[in-house]
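**Student:** Protein chains in written order, with this note's numbering: chain L, 1 to 344; chain W, 1 to 344; chain V, 1 to 344; chain Z, 1 to 344.
Quick caveat, the hints were computed from the structure, so don't treat them as lab data.
Mixed in with the good hints there might be a few duds.
Copies of one chain are not kept apart here, so a pair can be met inside one copy or by any two copies together.
Here are the simulated lysine to aspartate or glutamate pairs, EDC-like style, with alpha carbons at most 20 Å apart [stated by the list, open to error]: (1) K137 with D225; (2) K330 with E26; (3) K39 with E191; (4) K49 with E268; (5) K223 with E258.
4 protein chains.
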Amino acid sequence: MILFQCDYNEGVHPRILERLISTNEEQTVGYGEDEYCEKARDMIRRKCKDSSLAVHFLVGGTQANLTVIDAALRSHQGVLCAVSGHINVHETGAVEACGHKVMGLASGDGKITAMQVKDAYNAHVEDSSFEHMVQPKMVYISNPTELGTIYSKQELQELYAACKECGFYLFLDGARLGYGLAAPDNDMTMEDIAANTDVFYIGGTKVGALFGEAVVISNETLKKDFRYFIKQRGGMLAKGRLLGIQFEELMKDGLYEEISAHAISLAERLRGAFEAQGYSYLVKNRTNQIFVIMPDAVLEKIKSEVGFSYQQRVDETHSAVRFCTSWATKEENVERLIAILERV
Amino acid sequence: MILFQCDYNEGVHPRILERLISTNEEQTVGYGEDEYCEKARDMIRRKCKDSSLAVHFLVGGTQANLTVIDAALRSHQGVLCAVSGHINVHETGAVEACGHKVMGLASGDGKITAMQVKDAYNAHVEDSSFEHMVQPKMVYISNPTELGTIYSKQELQELYAACKECGFYLFLDGARLGYGLAAPDNDMTMEDIAANTDVFYIGGTKVGALFGEAVVISNETLKKDFRYFIKQRGGMLAKGRLLGIQFEELMKDGLYEEISAHAISLAERLRGAFEAQGYSYLVKNRTNQIFVIMPDAVLEKIKSEVGFSYQQRVDETHSAVRFCTSWATKEENVERLIAILERV
Amino acid sequence: MILFQCDYNEGVHPRILERLISTNEEQTVGYGEDEYCEKARDMIRRKCKDSSLAVHFLVGGTQANLTVIDAALRSHQGVLCAVSGHINVHETGAVEACGHKVMGLASGDGKITAMQVKDAYNAHVEDSSFEHMVQPKMVYISNPTELGTIYSKQELQELYAACKECGFYLFLDGARLGYGLAAPDNDMTMEDIAANTDVFYIGGTKVGALFGEAVVISNETLKKDFRYFIKQRGGMLAKGRLLGIQFEELMKDGLYEEISAHAISLAERLRGAFEAQGYSYLVKNRTNQIFVIMPDAVLEKIKSEVGFSYQQRVDETHSAVRFCTSWATKEENVERLIAILERV
Amino acid sequence: MILFQCDYNEGVHPRILERLISTNEEQTVGYGEDEYCEKARDMIRRKCKDSSLAVHFLVGGTQANLTVIDAALRSHQGVLCAVSGHINVHETGAVEACGHKVMGLASGDGKITAMQVKDAYNAHVEDSSFEHMVQPKMVYISNPTELGTIYSKQELQELYAACKECGFYLFLDGARLGYGLAAPDNDMTMEDIAANTDVFYIGGTKVGALFGEAVVISNETLKKDFRYFIKQRGGMLAKGRLLGIQFEELMKDGLYEEISAHAISLAERLRGAFEAQGYSYLVKNRTNQIFVIMPDAVLEKIKSEVGFSYQQRVDETHSAVRFCTSWATKEENVERLIAILERV
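Just chain L, same shape as in the assembly (with noise of 0.2 Å):
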């Protein structure tokens, strides 16, 4: 059986094992303090052509999530995001839970718009029972979406400048960011993301890391006390030189670019298999998500020799369903599924 329900269905990068293993007996302080976390850190700085940057290392992509929207916003306070946004449908909750609510707003490709950020203040400031309602504070975003589309650097542009009009933070959950970069219709470049946001974080764990998002932030307010949130929401790793690590060789000789561009070449590959079957999607894009519209009956054939994800029901014989690509997608594999899918 070959798997392709999501991209983080193996280990870690052979260059990145090797550094664990190389390291694996050394003395280090604990917490993120030590040189590997710096180096890390450095090394984001220079590659968002930024040095005041404040970079954390954090476990996962909710625990990054909670950590920066609880530490951005007071009681009252709530982020805006697109309905389909990760922390509004599939975190159990994990912002609410810190007293936080999340403002749905529509979107049918998983962005949303500068229009509709002006619009959000304006729908809470001009009513004059405003104190009623919860004051939206911070923008959150992901690029690439969760249904896999991406921002335009002019799109990232209009939503940031929005967000300094309205007083509200931009925050840009990157936890497939390098699939996001390293699509063929992308014009941005993590500099131009750094410049763009207030907070952003660069996805590890779904990139060739066995776990890890680095936490960047560029607002001067956002970054005082950071670390005191981390460790009250149980994201101080005790090893954190782990993350520092893994982060270091992912910024060095373009390991994050190369295994990006491995997956998108692959995804390519796929959606050429699927357009020549004529399936359609349920959502266009060009990242390491595939959302292809199937009929039932194909889905059951292949079930038991591939793996893939439910997303929604199509129509009564129709499903969206997800083929994902990652840093360790074979390409012997993608053959095997397209040869399954020619076959069926």
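Assemble the complex: chain L is given as a structure, and chains W, V and Z must be docked to it using the hints.
**Tutor:** Using the frame of chain L, we list chains W, V and Z on its own:
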């Protein structure tokens, strides 16, 4: 200037005021453990024809909502309600501040259906990744709703049956309950409501009292330790007897019904006048709130003489606004308002 | 039976009742935005000789405490107070329910010192692992304290200076403030309190009102968005004018001072009687609460005639109990109590 | 420089590393639902001789503590623990951030007694105003404690009996459990611990793993929906198999015991050296943490060669400091440390 923007513009019904005056110098124990509260609880139990009900008096509606919901839910659980539900829109995230997600269901008229409840249940159980989503555990409805509509007895029975089937609590916010029960198209009694919910409250603030909501609990699990939650959330009134005295008087000699009938009768009079002028409604209802669509030009003309509340923009030249009657509305003011409407 | 167990056994001072009656049928806007509230705010600002103060009216003490503290602290911050502080002992964890640690400081008499505040600061800054501990950010004191003691002006000034030095907010719970200011050994005015705290409140519930606490904020940071917190925590009274009317009357013509002086004078009379009987105190003080140590046998004898509240066991045959006087205490009841004490 | 300040200075035990390497390229499902996790769960159940236990793997100790405690308590409930308990001191208010009061009990040696638990119960039930206080519902202990002491089997049995009597859950934090079980004065097995608690965890981070704590639940009520809490609090590791692989290896062929015995043997060697030098202890214990009182002058001399952690000031010229051994401590480093101690 005459005010119709809400149903809490005045003080308290004269009969209740009389009792507050006559008992003022008595000494009683605090925190709702006095005899007035005990007597009021008994009267409510009798009106609901259920001697096993737990009854607690709280000061206001947001306080009642957040206390009931927090007492009912564990951290990973959420509450389903209409998107227009008061807890979703106008309580500054009070429920989220207690850690719980408010899960909005689509609704045009402020009501939700048994089918929507079952669908929500299925969407969170059939999906294999349900642990990644908030677990719904309570259904919140208001009757009348925030749009002045009411549930029929059959609708409530079906909702309650659906809740039982799904293992959800049903909670009815009755901030304006009296006006719902007095509506010409209502077919329920307070007994029906007690028998078809796990917990509900009888609104006092908007129906003749200075303040006060009587939370009525039939579900045994919800009864446990409820006073701890009241105290923790700041709702335990030191001079608790003030609530007992008010509810005792409201429940006595049909005062609650008399008050409600008065407001409904004047609302119907007003409705007749709006219809005579050819106005249409945002939502049609027959309780004490009238959501009428009017030309902005007309609103501009009358606003210095009449208080109303702005609801929403309808088109470029029309808005929906709200006019309320209450126990305290004077017939002469209704006639003045009608005269103004006819004049403009 | 005559009740001395607390200072909220009765209703409201007759002068205030008079105003509630005479204004009952007026129409005003809700939520504390009416003219009565505005006028009461002005009177409080004038009494504190500071026109820049923000004043908000809340219904009760626990509500005031949790709202102020939650509005002041970010998630990783806590509040320092005496171990006997009301927020640490008798509010069912209201502050923790908002996510904040109450950090108890040793205290024999209910008071804490500037030195303790500085020590707490040092203990959390000198330690290299401070990110692993809650960050103190506010100091909560009550005046009079839960044990009836009061701060001298110098003590308060020193505390406030220490807070400024450490970057802490100083919050004074004045649930019984009037009785503190009227105590024979007091050397402060309300102006002194406003000038030496960041936020405090003037208790109404226990000093003549039906209910109500006036939160007075001098710190600019704390003023921001405070009404959102009131609403979110369930403290925004629909008929907010009830609070305005009561505080306007309390602040007028020295009523607050007159009420307080009455209670203190009767407490002093009672203290004389206890001392004449040779009883000693758990804690010595001269406000309206008397914590006297009495033989259990005596308490057993008087308990059917007199209400008092049990404080704590002192030894095998003695307990400390509390007797309170209030604005409403009748001289004849004090004399009856003294007669009973002399008899047993 | 040789580090003794904590037991998480190094990476992972070589046998576990081997397994991580050999399984690295395998494809498995995520979130702990893979076969490695399943197998590790079974091995833990077997070691505890109870096939009904629920076992969940979390990344770190603070995360485990906050998740277990939040899953166990309703909003009005708190957790009892020694004042020195990790949750009370060194988790930045993680438990309070979930809304629950940590109720500290006096303790000189890091342990609490059955009698203290019963007293806490009585203090909250006998008092008539118990609704005004947090309701204790869980008892948290650590074994070894934060001061390196351990409970005897009889002490644990008595604590558990007291908890059952009072209706409290008993939760044992076993972050260093292996070292406790390997101590010369220990008389318990892991089976004893499973049989005398409602929930406990087996620490991996400090006992040979890269990271990981195995939460073991025997109480049926606590088992329900536990994975929701893990996800909500950010503790659900995407590549969950990393935890399964590590715990499978730890539980295999006595590795956990072997690792622990190694650390204890070196700690005993070190203890002998400290005693030979005439040093005394802050608290006496025989686990892997040594809390020794040393002259500041000596500490000053050795600090450039040896890492230790500062515990507290003892008198003007002495401090208590901590030296730890672990699975990874090298005998040669212990000898070097001893040589340094003899030299100064």
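**Student:** Going through the earlier hints one by one, which of them does the structure break, listed in rising order?
**Tutor:** 4, 5
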